[in-house]
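Protein chains in written order, with numbering that gives the first Met the number 0: chain A, 0 to 183; chain B, 0 to 183.
Simulated from the structure, these hints should not be mistaken for laboratory data. A few of these clues could be false.
[Unchecked claim] Residues from chain A shown here face chain B by an in silico Cβ test under 8 Å; the list is partial: (1) R18; (2) R20; (3) N60; (4) T65; (5) A99; (6) D101; (7) E137.
[What the hints assert, rightly or not] Label pairs and their in silico Cβ distance ranges: (8) B:T58 - A:E49: 31 to 37 Å; (9) A:G27 - B:R21: 47 to 53 Å; (10) B:E16 - A:A53: 33 to 39 Å; (11) B:T58 - A:R21: 53 to 59 Å; (12) B:Q110 - A:E105: 32 to 38 Å.
A virtual CB, placed ideally from N, CA and C, is assigned to each residue, including glycine.
Each chain, written out:
Protein chains: 2
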Amino acid sequence: MSPSNRAYWFAGGASGEFRVRRMTAVIGEPLSEVARVTYLDTPTLPVGLEMRWAFRGVTSNQRYTTKNEKEALVARSPALGRPWAALILIKKSDAWWNLAQDERREIFEEQSRHTTIGMRYLPAIARRLHHCRDLGTEQPFDFLTWFEYQPDDEPAFEELVAALRASAEWRYVEREIDVRLVRD
Amino acid sequence: MSPSNRAYWFAGGASGEFRVRRMTAVIGEPLSEVARVTYLDTPTLPVGLEMRWAFRGVTSNQRYTTKNEKEALVARSPALGRPWAALILIKKSDAWWNLAQDERREIFEEQSRHTTIGMRYLPAIARRLHHCRDLGTEQPFDFLTWFEYQPDDEPAFEELVAALRASAEWRYVEREIDVRLVRD
Numbered sequence: 000m001s002p003s004n005r006a007y008w009f010a011g012g013a014s015g016e017f018r019v020r021r022m023t024a025v026i027g028e029p030l031s032e033v034a035r036v037t038y039l040d041t042p043t044l045p046v047g048l049e050m051r052w053a054f055r056g057v058t059s060n061q062r063y064t065t066k067n068e069k070e071a072l073v074a075r076s077p078a079l080g081r082p083w084a085a086l087i088l089i090k091k092s093d094a095w096w097n098l099a100q101d102e103r104r105e106i107f108e109e110q111s112r113h114t115t116i117g118m119r120y121l122p123a124i125a126r127r128l129h130h131c132r133d134l135g136t137e138q139p140f141d142f143l144t145w146f147e148y149q150p151d152d153e154p155a156f157e158e159l160v161a162a163l164r165a166s167a168e169w170r171y172v173e174r175e176i177d178v179r180l181v182r183d
Numbered sequence: 000m001s002p003s004n005r006a007y008w009f010a011g012g013a014s015g016e017f018r019v020r021r022m023t024a025v026i027g028e029p030l031s032e033v034a035r036v037t038y039l040d041t042p043t044l045p046v047g048l049e050m051r052w053a054f055r056g057v058t059s060n061q062r063y064t065t066k067n068e069k070e071a072l073v074a075r076s077p078a079l080g081r082p083w084a085a086l087i088l089i090k091k092s093d094a095w096w097n098l099a100q101d102e103r104r105e106i107f108e109e110q111s112r113h114t115t116i117g118m119r120y121l122p123a124i125a126r127r128l129h130h131c132r133d134l135g136t137e138q139p140f141d142f143l144t145w146f147e148y149q150p151d152d153e154p155a156f157e158e159l160v161a162a163l164r165a166s167a168e169w170r171y172v173e174r175e176i177d178v179r180l181v182r183d
């Protein structure tokens with residue numbers, strides 16, 4: 000991987016370093032069931048990879064966090080490499096994307112406490128956000144969010160996703176797939 | 000074009016509906032001189048197009064405008080189709096992208112009056128912004144901004160770009176190419 004690479008792929012199929020523990024369509028249409036998932040830090044997908052689906056995304060600048068929030072997040076955010084993982088694929092509605100920046104920030108943080116909730120579970124729940132919306136071709140999801148944690152922290156992770164799913168921001172989520180994984 | 004298409008290409012070469020009046024490297028390395036520019040509303044570039052360069056970008060949600068600013072912009076923004084045009088290609092520094100959202104907004108609007116300045120020249124100077132930074136492969140520019148106006152409004156356009164280039168935001172611009180065009 001180039002040091003400046005920000006592009007990643009998630010491919011689901013018969014092989015890959017992560018075994019699927021379960022897949023849930025939380026909102027909207029399900030995604031084909033797969034046995035394993037590959038997480039690749041390359042802008043292109045290798046030829047010959049056997050898979051049922053593949054989604055790509057790029058890490059990018061943060062869109063809503065303030066300087067103080069960003070500094071607190073960076074200070075508490077651990078490196079990746081933990082044994083359990085979750086891939087949460089999300090599509091938001093046109094109504095969300097048509098809001099102005101201050102309206103989205105208001106819903107995201109002042110109403111929904113998105114960063115505040117995530118911060119509560121740091122450093123236990125590591126997180127990396129991949130954006131898909133501006134890749135240049137139509138994508139089924141807007142975000143691919145990757146989480147990693149120790150098996151003992153799965154109850155904490157359930158709390159985290161439950162809090163977000165109950166938030167005002169989630170009224171704008173049209174599709175959400177939750178894939179739970181283990182590195183093996 | 001699909002009604003939901005947000006992807007566009009600009010290709011410079013010997014052919015294209017826009018004739019180049021002049022090209023200027025305002026900041027940083029110049030771009031190869033071309034005679035004409037094509038502006039395509041398709042996610043892929045046609046095969047066999049003769050060109051020296053091609054850049055793509057996507058229109059997206061606004062990143063800094065508030066609800067009030069957005070409503071004022073929408074109310075005053077005209078359709079495209081005017082005879083003169085400018086394509087301004089911009090790359091911002093890592094220092095810009097590493098700032099938090101509130102810091103970028105502060106520089107963009109409270110210090111630099113980016114939206115306020117643009118609004119002053121509406122509806123005379125039409126504008127469409129294309130984003131390149133999150134396309135998934137490394138891009139030479141972060142933004143491709145397209146402007147259209149009547150020939151008589153070129154002095155107003157010069158004022159607009161001069162005001163932005165003198166702003167605090169422009170300290171974060173690493174490369175800027177200004178291509179002036181006429182539809183013929």
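Now the hints, each set against the structure:
1. R18: Hint on A:R18: violated, closest Cβ of chain B at ~27 Å, above 8 Å.
2. R20: Check failed: Cβ of A:R20 comes no nearer than 29 Å to chain B, outside 8 Å.
3. N60: 5 Å, holds
4. T65: 4 Å, holds
5. A99: Hint on A:A99: holds, closest Cβ of chain B at ~4 Å, below 8 Å.
6. D101: With a closest approach of 4 Å, the A:D101 hint holds.
7. E137: Hint holds; A:E137 Cβ to chain B Cβ min 7 Å, cut 8 Å.
8. B:T58 - A:E49: 31 to 37 Å: 36 Å, holds
9. A:G27 - B:R21: 47 to 53 Å: 50 Å, holds
10. B:E16 - A:A53: 33 to 39 Å: 37 Å, holds
11. B:T58 - A:R21: 53 to 59 Å: 38 Å Cβ-Cβ, so the 53 to 59 Å window is violated.
12. B:Q110 - A:E105: 32 to 38 Å: Violated, since B:Q110 and A:E105 (Cβ atoms, about 23 Å apart) do not stay within the stated range.
The structure does not agree with the numbered hints 1, 2, 11, 12 stated previously, though it agrees with the rest.
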